[in-house]
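There are 2 protein chains.
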Amino acid sequence: MLIVQKFGGTSVGDTDRIKNVANRIKSYYERGHSLIVVVSAMGHTTDELIDKAMALNEDPPRREMDMLLVTGEQISMALMAMALNAVEVPAISFTGGQLQILTDGKHSNARIRDVDTTRLKEALAQKKVCIVAGFQGIDENQEIMTLGRGGSDTTAVALAVAIKADQCEIYTDVDGVYTTDPNKVPAARKMSHICYEEMLELASMGAGVLHNRSVELASKFNVIIQVRSSFNYNDGTLVVPEEQIMDMEKVTVRGVSLKSDQARISAHDIPDKPGLAAGLFGKMSAASINVDMIVQSTGDQNKNTISFTVPAGDLSQARSVLEAFLAEIGGGRIAVDQSIAIVSAVGVGMKSHSGVAATMFQALAKENINIEMISTSEIRISVVVHKDQSRKALEAVHRAFGLGGDA
Amino acid sequence: MLIVQKFGGTSVGDTDRIKNVANRIKSYYERGHSLIVVVSAMGHTTDELIDKAMALNEDPPRREMDMLLVTGEQISMALMAMALNAVEVPAISFTGGQLQILTDGKHSNARIRDVDTTRLKEALAQKKVCIVAGFQGIDENQEIMTLGRGGSDTTAVALAVAIKADQCEIYTDVDGVYTTDPNKVPAARKMSHICYEEMLELASMGAGVLHNRSVELASKFNVIIQVRSSFNYNDGTLVVPEEQIMDMEKVTVRGVSLKSDQARISAHDIPDKPGLAAGLFGKMSAASINVDMIVQSTGDQNKNTISFTVPAGDLSQARSVLEAFLAEIGGGRIAVDQSIAIVSAVGVGMKSHSGVAATMFQALAKENINIEMISTSEIRISVVVHKDQSRKALEAVHRAFGLGGDA
Numbered sequence: 006m007l008i009v010q011k012f013g014g015t016s017v018g019d020t021d022r023i024k025n026v027a028n029r030i031k032s033y034y035e036r037g038h039s040l041i042v043v044v045s046a047m048g049h050t051t052d053e054l055i056d057k058a059m060a061l062n063e064d065p066p067r068r069e070m071d072m073l074l075v076t077g078e079q080i081s082m083a084l085m086a087m088a089l090n091a092v093e094v095p096a097i098s099f100t101g102g103q104l105q106i107l108t109d110g111k112h113s114n115a116r117i118r119d120v121d122t123t124r125l126k127e128a129l130a131q132k133k134v135c136i137v138a139g140f141q142g143i144d145e146n147q148e149i150m151t152l153g154r155g156g157s158d159t160t161a162v163a164l165a166v167a168i169k170a171d172q173c174e175i176y177t178d179v180d181g182v183y184t185t186d187p188n189k190v191p192a193a194r195k196m197s198h199i200c201y202e203e204m205l206e207l208a209s210m211g212a213g214v215l216h217n218r219s220v221e222l223a224s225k226f227n228v229i230i231q232v233r234s235s236f237n238y239n240d241g242t243l244v245v246p247e248e249q250i251m252d253m254e255k256v257t258v259r260g261v262s263l264k265s266d267q268a269r270i271s272a273h274d275i276p277d278k279p280g281l282a283a284g285l286f287g288k289m290s291a292a293s294i295n296v297d298m299i300v301q302s303t304g305d306q307n308k309n310t311i312s313f314t315v316p317a318g319d320l321s322q323a324r325s326v327l328e329a330f331l332a333e334i335g336g337g338r339i340a341v342d343q344s345i346a347i348v349s350a351v352g353v354g355m356k357s358h359s360g361v362a363a364t365m366f367q368a369l370a371k372e373n374i375n376i377e378m379i380s381t382s383e384i385r386i387s388v389v390v391h392k393d394q395s396r397k398a399l400e401a402v403h404r405a406f407g408l409g410g411d412a
Numbered sequence: 006m007l008i009v010q011k012f013g014g015t016s017v018g019d020t021d022r023i024k025n026v027a028n029r030i031k032s033y034y035e036r037g038h039s040l041i042v043v044v045s046a047m048g049h050t051t052d053e054l055i056d057k058a059m060a061l062n063e064d065p066p067r068r069e070m071d072m073l074l075v076t077g078e079q080i081s082m083a084l085m086a087m088a089l090n091a092v093e094v095p096a097i098s099f100t101g102g103q104l105q106i107l108t109d110g111k112h113s114n115a116r117i118r119d120v121d122t123t124r125l126k127e128a129l130a131q132k133k134v135c136i137v138a139g140f141q142g143i144d145e146n147q148e149i150m151t152l153g154r155g156g157s158d159t160t161a162v163a164l165a166v167a168i169k170a171d172q173c174e175i176y177t178d179v180d181g182v183y184t185t186d187p188n189k190v191p192a193a194r195k196m197s198h199i200c201y202e203e204m205l206e207l208a209s210m211g212a213g214v215l216h217n218r219s220v221e222l223a224s225k226f227n228v229i230i231q232v233r234s235s236f237n238y239n240d241g242t243l244v245v246p247e248e249q250i251m252d253m254e255k256v257t258v259r260g261v262s263l264k265s266d267q268a269r270i271s272a273h274d275i276p277d278k279p280g281l282a283a284g285l286f287g288k289m290s291a292a293s294i295n296v297d298m299i300v301q302s303t304g305d306q307n308k309n310t311i312s313f314t315v316p317a318g319d320l321s322q323a324r325s326v327l328e329a330f331l332a333e334i335g336g337g338r339i340a341v342d343q344s345i346a347i348v349s350a351v352g353v354g355m356k357s358h359s360g361v362a363a364t365m366f367q368a369l370a371k372e373n374i375n376i377e378m379i380s381t382s383e384i385r386i387s388v389v390v391h392k393d394q395s396r397k398a399l400e401a402v403h404r405a406f407g408l409g410g411d412a
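Order-wise, the sequence lines are chains A and B.
Going by our numbering, the first residue of the first sequence is number 6, and it counts up by one from there.
Going by our numbering, the first residue of the second sequence is number 6, and it counts up by one from there.
In case anyone wonders, no lab produced these hints; they're calculated from the structure.
This one's a predicted model, so the numbers in the text were calculated from it and none came from an experiment.
Treat the hints with caution; some may be incorrect.
[Said to hold, decoys possible] Straight-line C-alpha distance at most 20 angstroms; calculated PhoX-like pairs for lysine-lysine: (1) B/Lys-356 x B/Lys-255; (2) A/Lys-24 x B/Lys-57; (3) A/Lys-31 x A/Lys-133; (4) A/Lys-57 x B/Lys-24; (5) B/Lys-195 x B/Lys-255; (6) A/Lys-371 x A/Lys-392.
[Stated by the list, open to error] Some chain B residues close to chain A (C-beta under 10 angstroms, calculated; not the full set): (7) Thr-20; (8) Lys-24; (9) Ala-58; (10) Arg-68; (11) Glu-69; (12) Ser-98; (13) Phe-99; (14) Gly-102; (15) Ile-136.
Think of the CB as a built atom: it goes at the ideal place given N, C-alpha and C, for glycine as much as any other residue.
The task is simple: from the sequences and hints, build the whole structure.
Given below as structure tokens:
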């Protein structure tokens with residue numbers, strides 16, 4: 006089989022861990038598999054490089070930041086190739102530039118456009134393990150680009166697509182994707198499967214296991230990803246197309262997530278005019294404020310209320326934008342609540358099952374948890390609750406959908 | 006003026022030093038100069054990377070070692086560009102690959118063949134300072150190559166040649182090239198000038214200030230190098246073609262050097278056959294043993310003695326090679342002396358002055374220092390003395406040629 010494996014920063018955190026990973030790769034190699042291995046920077050290397058940069062320039066040019074950060078993956082890549090050669094597995098490393106991992110020209114957040122597989126195929130034909138620096142590419146002017154934090158996942162999926170790999174494994178420090186955060190809900194269970202859409206919704210709701218673009222790319226080309234631990238040989242979680250989830254594995258809710266460090270802003274008594282929401286959230290977007298849930302309601306006398314949530318760090322900026330907007334349209338008063346959290350239930354099964362929202366609301370009511378806002382998508386229900394009740398809410402929803410233990 | 010400046014590892018040892026260098030570059034930039042700046046890896050970065058490699062593989066593939074080590078210069082380069090941008094000097098960094106610094110395909114010790122100056126010229130035309138990663142290049146297959154330790158000097162000279170720079174400055178942690186090592190002889194004086202040939206002879210005799218290939222390259226293209234300190238604004242030492250040294254600066258001996266950690270091996274009573282030396286030193290060369298001084302003498306009864314010096318670290322291997330050789334030709338006995346050092350006097354003035362050797366030998370005799378071996382080139386006289394007398398010998402020779410103080 007042709008397998009792409011990606012090892013994250015924790016998995017290659019020091020030379021001992023690199024040796025462990027080399028031995029794992031060797032066990033695959035000896036079973037006759039062809040291997041392409043994508044590596045991230047070792048442990049805290051990226052943070053240390055950023056600290057050095059900040060000591061010299063608090064607003065460094067993005068191009069130079071990319072030049073700096075790609076060295077982290079290059080160090081891992083060369084060391085991994087050496088570790089493999091030391092255990093008699095022929096290995097060769099490649100930078101993004103050497104593989105012509107072609108991206109657009111957006112420094113620090115580039116998107117992969119194309120990968121030239123010539124050198125990989127040559128090396129594989131010579132029975133070599135290919136080690137590839139994750140997170141990096143080049144544009145058509147040979148400028149060095151990075152793919153954004155977590156971008157090595159995307160490198161792995163892009164290589165799997167380009168070379169038509171049979172498998173794509175993303176190694177990390179947890180056993181797979183869990184029904185919810187096991188640090189918060191001990192009953193959380195590792196999923197055997199999850200589909201792309203569910204993974205994306207969970208990630209956007211705060212359960213970050215895979216880089217979002219890697220899931221989008223996998224979804225586009227139907228690449229199955231296995232998320233698993235580099236510290237044991239347990240089966241991980243398969244991220245698959247929806248239609249590949251067998252009926253018996255189909256559940257209405259796949260997982261629940263908790264997003265903390267959020268704030269809610271409400272504007273009351275604002276004049277009811279067409280295009281109000283478009284105007285406000287256009288300005289928020291222009292200020293790069295990441296608005297999450299939005300609820301609009303019409304009160305009496307044609308006065309409106311708009312409430313929305315933002316990350317706590319964006320609160321003061323969001324408030325300024327809102328104040329300016331209200332001054333412009335004439336009227337409205339602002340209320341802010343920083344004691345909130347968002348609990349979400351995600352599952353493609355919701356599309357064909359009714360009553361999911363009702364089950365969730367009943368579970369919360371039973372625990373006397375007040376729901377302050379509700380928003381839904383086709384495969385997600387999110388509620389805003391008081392921060393102090395968020396852990397209890399997460400547990401209640403997790404239990405209500407039978408996600409705990411061996412259920 | 007178009008100036009190439011190279012800053013060594015000590016000069017960019019930490020972020021504070023990088024800031025200092027950035028301010029120095031800024032002062033040149035503000036005087037209207039066009040600048041190309043070559044940087045080495047920060048301080049001990051290269052050694053730390055080598056330690057990591059050794060922890061994984063005691064004999065790492067040279068290709069992967071090159072992949073690893075080039076990251077050191079890449080980090081310096083990006084940080085320097087950031088530091089310059091922070092003090093409002095527009096700067097852009099380039100890897101060896103981006104500049105197409107084309108080398109032969111010899112990993113860890115590649116030679117530069119060509120440099121494409123297109124991108125440098127574009128950036129200079131935009132009034133940007135160009136920061137270039139030293140020590141690295143690529144071959145025609147885009148394989149990453151390093152130029153050997155100290156190779157950043159060669160990068161600087163090669164860029165100066167390619168872009169026809171007006172000046173080439175090599176910044177280091179000393180004020181220039183000294184008549185001898187000031188740590189050993191306090192009377193040592195900084196030279197204002199030295200010619201290429203003298204610099205090469207002194208370097209090969211243990212006074213390592215510049216990478217040898219950088220001097221060879223400078224000599225070939227008549228590039229004048231200034232060696233100076235990055236910690237002050239003192240004039241350094243100019244390394245120039247012989248004909249540019251004015252008459253009044255002409256001296257018979259430019260500098261003296263001491264090479265310790267040497268061993269002498271002698272083979273006595275070996276049969277006198279033609280091709281003996283060629284046979285023996287061919288084998289030494291094949292074993293990559295770096296033989297320095299060689300003296301052959303014919304004794305009575307057609308028996309020969311051959312003595313030669315090698316670095317102490319090569320002694321046991323050299324002895325084995327010699328033993329095998331003597332067994333082959335039938336005869337001879339071996340003597341080894343590890344208590345030696347080599348003192349050399351270097352100067353192009355020797356070519357036209359007689360009596361230099363006599364002055365040197367008299368100076369040593371006066372101090373009761375026994376000369377154990379002598380070897381000469383056109384511009385160098387080297388003697389082997391007992392290790393315990395080496396410091397005294399160095400001082401005596403330095404004084405005898407009037408090199409100390411303000412002389």
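Hints versus structure:
{"no.": "1", "hint": "B/Lys-356 x B/Lys-255", "in the structure": "12 angstroms, holds"}
{"no.": "2", "hint": "A/Lys-24 x B/Lys-57", "in the structure": "12 angstroms, holds"}
{"no.": "3", "hint": "A/Lys-31 x A/Lys-133", "in the structure": "11 angstroms, holds"}
{"no.": "4", "hint": "A/Lys-57 x B/Lys-24", "in the structure": "12 angstroms, holds"}
{"no.": "5", "hint": "B/Lys-195 x B/Lys-255", "in the structure": "15 angstroms, holds"}
{"no.": "6", "hint": "A/Lys-371 x A/Lys-392", "in the structure": "18 angstroms, holds"}
{"no.": "7", "hint": "Thr-20", "in the structure": "4 angstroms, holds"}
{"no.": "8", "hint": "Lys-24", "in the structure": "7 angstroms, holds"}
{"no.": "9", "hint": "Ala-58", "in the structure": "6 angstroms, holds"}
{"no.": "10", "hint": "Arg-68", "in the structure": "7 angstroms, holds"}
{"no.": "11", "hint": "Glu-69", "in the structure": "5 angstroms, holds"}
{"no.": "12", "hint": "Ser-98", "in the structure": "5 angstroms, holds"}
{"no.": "13", "hint": "Phe-99", "in the structure": "9 angstroms, holds"}
{"no.": "14", "hint": "Gly-102", "in the structure": "7 angstroms, holds"}
{"no.": "15", "hint": "Ile-136", "in the structure": "9 angstroms, holds"}
In this structure, every one of the numbered hints holds.
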